[in-house]
Each structure stands twice: as C-alpha cells, then as structure tokens.
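In order, the protein sequence lines correspond to chains A and B.
For the first sequence, the numbering used here puts the final residue at 349, and the numbers step up evenly by one.
For the second sequence, the numbering used here puts the final residue at 349, and the numbers step up evenly by one.
Incorrect hints may have been included.
[What the hints assert, rightly or not] Simulated crosslink set (DSBU-like; lysine-lysine; CA at most 35 angstroms straight-line):
{"#": "1", "chain 1": "B", "residue 1": "Lys32", "chain 2": "A", "residue 2": "Lys221"}
{"#": "2", "chain 1": "A", "residue 1": "Lys308", "chain 2": "B", "residue 2": "Lys55"}
{"#": "3", "chain 1": "B", "residue 1": "Lys55", "chain 2": "A", "residue 2": "Lys305"}
{"#": "4", "chain 1": "B", "residue 1": "Lys28", "chain 2": "A", "residue 2": "Lys215"}
{"#": "5", "chain 1": "B", "residue 1": "Lys215", "chain 2": "B", "residue 2": "Lys28"}
{"#": "6", "chain 1": "A", "residue 1": "Lys55", "chain 2": "B", "residue 2": "Lys313"}
{"#": "7", "chain 1": "A", "residue 1": "Lys32", "chain 2": "B", "residue 2": "Lys28"}
{"#": "8", "chain 1": "A", "residue 1": "Lys210", "chain 2": "B", "residue 2": "Lys27"}
{"#": "9", "chain 1": "B", "residue 1": "Lys55", "chain 2": "A", "residue 2": "Lys221"}
{"#": "10", "chain 1": "B", "residue 1": "Lys211", "chain 2": "A", "residue 2": "Lys28"}
{"#": "11", "chain 1": "B", "residue 1": "Lys32", "chain 2": "A", "residue 2": "Lys211"}
No lab work stands behind these hints: they were computed from the structure.
Protein chains: 2
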Amino acid sequence: MKVEEAGELELIKKIACKFRRHYPPVILGAGDDDCAVLECKCLTGKCLVMTTDGMRASTHFPKGMTPFQMGWSVVAANLSDVAAMGARPLAFTVAMGIPPDAEVSLVEEIAEGIERCASQFDVFVVGGDVGRSDELTLVGTCVGFVERRKLIKRSGANVGDAVCVTGHLGNAALGLELLRGNVKPRLSRSAEEVAKKALLKPMPRVKEGIALAETGVVTSMMDVSDGLAKSLHELSMSSGVGFEIYPEKIPVPKELRNALGEKALELALYYGGDYELLFTARRDSLDVLKKVEKETGTKISVIGEVKRLDEGIYMKGDKREKIELKGYLHFGATP
Amino acid sequence: MKVEEAGELELIKKIACKFRRHYPPVILGAGDDDCAVLECKCLTGKCLVMTTDGMRASTHFPKGMTPFQMGWSVVAANLSDVAAMGARPLAFTVAMGIPPDAEVSLVEEIAEGIERCASQFDVFVVGGDVGRSDELTLVGTCVGFVERRKLIKRSGANVGDAVCVTGHLGNAALGLELLRGNVKPRLSRSAEEVAKKALLKPMPRVKEGIALAETGVVTSMMDVSDGLAKSLHELSMSSGVGFEIYPEKIPVPKELRNALGEKALELALYYGGDYELLFTARRDSLDVLKKVEKETGTKISVIGEVKRLDEGIYMKGDKREKIELKGYLHFGATP
Numbered sequence: 015m016k017v018e019e020a021g022e023l024e025l026i027k028k029i030a031c032k033f034r035r036h037y038p039p040v041i042l043g044a045g046d047d048d049c050a051v052l053e054c055k056c057l058t059g060k061c062l063v064m065t066t067d068g069m070r071a072s073t074h075f076p077k078g079m080t081p082f083q084m085g086w087s088v089v090a091a092n093l094s095d096v097a098a099m100g101a102r103p104l105a106f107t108v109a110m111g112i113p114p115d116a117e118v119s120l121v122e123e124i125a126e127g128i129e130r131c132a133s134q135f136d137v138f139v140v141g142g143d144v145g146r147s148d149e150l151t152l153v154g155t156c157v158g159f160v161e162r163r164k165l166i167k168r169s170g171a172n173v174g175d176a177v178c179v180t181g182h183l184g185n186a187a188l189g190l191e192l193l194r195g196n197v198k199p200r201l202s203r204s205a206e207e208v209a210k211k212a213l214l215k216p217m218p219r220v221k222e223g224i225a226l227a228e229t230g231v232v233t234s235m236m237d238v239s240d241g242l243a244k245s246l247h248e249l250s251m252s253s254g255v256g257f258e259i260y261p262e263k264i265p266v267p268k269e270l271r272n273a274l275g276e277k278a279l280e281l282a283l284y285y286g287g288d289y290e291l292l293f294t295a296r297r298d299s300l301d302v303l304k305k306v307e308k309e310t311g312t313k314i315s316v317i318g319e320v321k322r323l324d325e326g327i328y329m330k331g332d333k334r335e336k337i338e339l340k341g342y343l344h345f346g347a348t349p
Numbered sequence: 015m016k017v018e019e020a021g022e023l024e025l026i027k028k029i030a031c032k033f034r035r036h037y038p039p040v041i042l043g044a045g046d047d048d049c050a051v052l053e054c055k056c057l058t059g060k061c062l063v064m065t066t067d068g069m070r071a072s073t074h075f076p077k078g079m080t081p082f083q084m085g086w087s088v089v090a091a092n093l094s095d096v097a098a099m100g101a102r103p104l105a106f107t108v109a110m111g112i113p114p115d116a117e118v119s120l121v122e123e124i125a126e127g128i129e130r131c132a133s134q135f136d137v138f139v140v141g142g143d144v145g146r147s148d149e150l151t152l153v154g155t156c157v158g159f160v161e162r163r164k165l166i167k168r169s170g171a172n173v174g175d176a177v178c179v180t181g182h183l184g185n186a187a188l189g190l191e192l193l194r195g196n197v198k199p200r201l202s203r204s205a206e207e208v209a210k211k212a213l214l215k216p217m218p219r220v221k222e223g224i225a226l227a228e229t230g231v232v233t234s235m236m237d238v239s240d241g242l243a244k245s246l247h248e249l250s251m252s253s254g255v256g257f258e259i260y261p262e263k264i265p266v267p268k269e270l271r272n273a274l275g276e277k278a279l280e281l282a283l284y285y286g287g288d289y290e291l292l293f294t295a296r297r298d299s300l301d302v303l304k305k306v307e308k309e310t311g312t313k314i315s316v317i318g319e320v321k322r323l324d325e326g327i328y329m330k331g332d333k334r335e336k337i338e339l340k341g342y343l344h345f346g347a348t349p
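If we strip away everything but chain A, and leave its shape as in the complex, we get (with noise of 0.2 angstroms):
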C-alpha cells in the first residue's frame, strides 16, 4: 500500500507503534498528545516536554507569505504544541532544506522571522542544521518544562466539563481567502489585518497556556492548528468522550459570519492554521476562567459541553449536525 491510500492518520500509527512506550520514564510518547513528556531524576518535580513539527513550502507556506514570516510560523507550531501541555518551552532547533540556487538573503530573513518568534516568547534559538533540498522546507522542535502536577494531557476530560477555546476561530482561513483573492468582501481593514496577521504571523498561546495549567480546574488540552473538528475528534479519542458543540457560540469573527454566512463556520471548523487552545474544564469553575481572561486580555469561550462517547461529536440543535473527522491531513483522503 502507498502512503497515499494509507492516509496521514494511519501512517502515524503505523509508525508510532514500533516505538518502545510508557516505560519510564516517557509518560507521554509518540502519537499520545501535543508534545512528549519525559520524568526525570535529575528534574526535581518538572517533567522535560519536547515536540517536532515541520512545514514544507508547497503544503505550508501559501503564497504571498514572506521569508520571514516562514520562519516566525515554524517557531510558533512548535510553541502552540508546547503552550497546549500548559509547559513553558525553552529552547529551540531547526533543520533547514534549501534549495541551493536560494539567496542568501532568503536564508536571512528565515533566520530572522525564526528569532523573533522565539525570543518573543522567550525561547532561545540553540541550534540547527543545513542541508539541500528541491523545496524549502523548516523543521523545528522545541523542548520545556512544566511542573508534574501541572501538565495538562489531551486524555482528561470527563462527562459534564465545559469545552472551551481561547481566541477567535476563522481569522487564520479568511486571511488565505484574501490572500488568494478569493473573498472580495465589505470588511473593514482591521479585520482584514488580523484575518491576514493570524495566518501569516500567528502568535501561539503560551501565556494563556501555562495561566490554564496554574488554575487548577482544566482536564484536557490540545491546540487546534489543524481545525477545530480534527480537534476534538482526537480529544474525544484520546479522553474517549463525546462531545456537543453550540455552533453561536465558537468564536468565529463578526465579520467574517457576515462576510462568508454559512461558509465562515465550515472554516472556522475544518480549516485550521489558528494556534488557539482547545480545553475541558470542569463545570463549576468557569469563574476562574474569567480570571485568566482578564489576566491574559485573550477571550475564552465556552463553546459545548463534554457527553459520553457513544453520543458522538456533535452540534447542538435540531439536526443534531454530526461533525466529521475532516481537517488539514498531510496525506491521502480523510478516512
């Protein structure tokens, strides 16, 4: 069989089950959640988190995107992973393939946009690797700590928690849309600059992170760069929980609802590219969550409800709307 036909989710599990798991001290391995988390001795009660995500000019980098912007977006996948562990990441690689008839130049401002997201966010750039390659491509992994009591994994939600997301949904496919010339909406130009700013230069939730693991209250988390609904499929299986959604309440942009209608929600669900954070929580604690809120100045919304497995994932009202395991998959059709 050709990966094609496999599929991205079948591959990944045909891989990440020839990997020695849960021994210690790997408390999170391959495949288990955001990012990987190590125990050790030498750490006294922190847990090491250590995630790898690469992106390739021709799946990742839409045109129009700058060099330096390529680079800022690696940093902040990588990020976005660790935020989701409620970890705070510290240190930062990249491998780059280049294509050796590149400008210098280019490498430059990669280098340069790499940089600014880390130190940004206070991650130090520690090192790298070059080599060629036919397409451009960055490969980041960043590794943190997050105190044991406090890491946060995608299996913890529990029947009764409130699902909720930080941010707006939407901004990061609006902004392709634009980009591509295929939205001549009546937006304003902030919205546009934000729609365009949370596709080209997105800023991962670590402060809002590291605030969700300190309160105490949240059960699970996953980031939802590669869409809302591929989201909560992986959190439903990972908790084995169902959940319903309330569609007027996911975050989706005023404008973009009155700019794109029915469309902006399938965006907002199946599109993917926000670095927002997707959580559980439990139910009689959504004050504390108004205090991250105001701590952080980043809207969280309570957007559904946890519900048993066997009752599916779904969006409340009268259709009882199934929503599908679709999203952003590097290989073959969505099983």
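Since chain A is already given, all that's left is putting chain B on it; use the hints.
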C-alpha cells in the same frame, strides 16, 4: 549571493549570528559545538544537551542502503553528537518527509531502524512528524543530560595536549567504495563486512563519550563524522590551537592501507562517515585512557599533539604537509 556560492560554513555563520547566544541559561548555542547546552535551575547540577541533524536521500543515503539502515543512521548521527559532549542521550524525535508514492512498508522499515538504534543505546523515540516531500528526508533531534562539571566542549584544548581518536577511520569510506563497486581489492570477507557496517549501520560512541568525560583528563571533544580534517579545523577554531598529526598513527585499518595505498589516508582524512570521537587529553594522563580502552573495548589512538594556533594544522614529517579544510560540505566549494 546564492547559497551555493556562499558555501555551507559561511551560510551557517550567517544564520547562527541571528540568534541570541551566551545568555543564561544557554551555555553553548547555535554553531558553538556538537550540541547546544542549557543550564536550568530545575536540573540539579546537570545540563540539558540538544542537537538536530537531518539526512536526505540524495546526499546521505547511498544506493543499496536499506530503509532500516536509513532509520538507524539518522539516530546514530544525532547520538554521536550527544556522545561528543560526554552526555547521556535520553529522547529522540524524528520528522519524516515522505514521497507520496512511497510504500507504507518502507516507512515502517525506517521506523524499525530508528527504534532499533535508539533502544540499543537506551534512548526513547518519543515523537515525530510526517509530511509530504519529493525527496525522502529524515530530521532527527536528540536531547540528553550531562553533569555540569563533566561537560566536554570543543574549546578546551591546550598546547601540549595529546590528540586522540576512538576506533578506526576510513571504514565508512571503504564501505562506500565497495558499495559502488569501485574497489575490487583482495580484502578478507570480515574486513569487507566491517567496512560496510561502518557505512550502513554505524555505532555512535555513546558509552565511550561518557567514559571519557568521567576521566576528567579530556580537555576537548567532537565527533568526526564529517571527516578528520574538517573536525581538526573546527576544533582548531574553537580552541584557538594548531595540530601536529602523526600520519602513521591515524588508525586506518591495515587491510584498507594494503588495498588502497596512499588513498586510504586521504579517505580517512577527507571523507567522513565514521562515527568516531576526536578528543584532546592532558599529556600526563594517557594511562587513564588505557583504562577507558579496556573498559569499553574500543581502541583509542594518540594521533598527534596540540600546537600553537600560528603553527597551523599539519602532518608531522619532512614535508610538514598542511591538512586542508576539506570534508563533507552540503553547499558550494571548500573555502
């Protein structure tokens, strides 16, 4: 200027200078050494080391190499860098770039090679990333720990120190010549096997690196996978010293010398691919190295002496032949 014109070393310099370095907690940053090294409060007396190393089909995987061996190699390359700090590797992640028409079985075999090499050295494969790529690409990242006082940098060599190397040099080069059918020498079957294994299933010197760090007599260390000549030049730059090398002491296997004559030494110097450690040690402590040799079962050879920087890097002998900066470079010509 195109990256091809700039050359790899120039390019790395241009990238590395963009990143903040020598700020706490960074002890060694991008471009400084075989690994980055970070000191954290939460690590009681230990440092975190981190390295990333990528391999691409066209430049790193010779024809005839199996997928298992490709997976093995990307782990070995990263572990060798960790070993060069005297550190113990702990966890490994891999980002795979896979052509969409590749067979799933190929990816599974790569994963098996990765796991087998990692588990042989007590390392856990904890995560990864898969993506589409025209060319098969494997980017590995490894983290490990070392006691702060046992960390060995490239910068510690002193005039008068002995220059040493583990194992043998030239085997990987011979293996490549055999694979290409360029050599039809009267080699014993076992010598052929050793050479092919050095190329296709290299053994990083993890226990040797740790044992050498334990001795307290090693002043600087690095791996020689890019060739002895290039490594001597890098050690020279880091420590600000020159080297006198004894050509007859370079541990080229006897059969290789017999089969290739003069060319054997050239391969050992300029080809690379051998995962051995180059290090300097205090002159008065060579007995200690004998003990390491016995303990690890790995040959250690004294191949020269550390000289003043202005004396250069040369072969001892009547002609005092200069050792040139040539070796495995990814872009452009040798400066």
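Exercise. Against the structure, test the hints numbered earlier, and report the numbers of the ones violated in rising order.
Key: Hint check: 7 fails alone, others pass.
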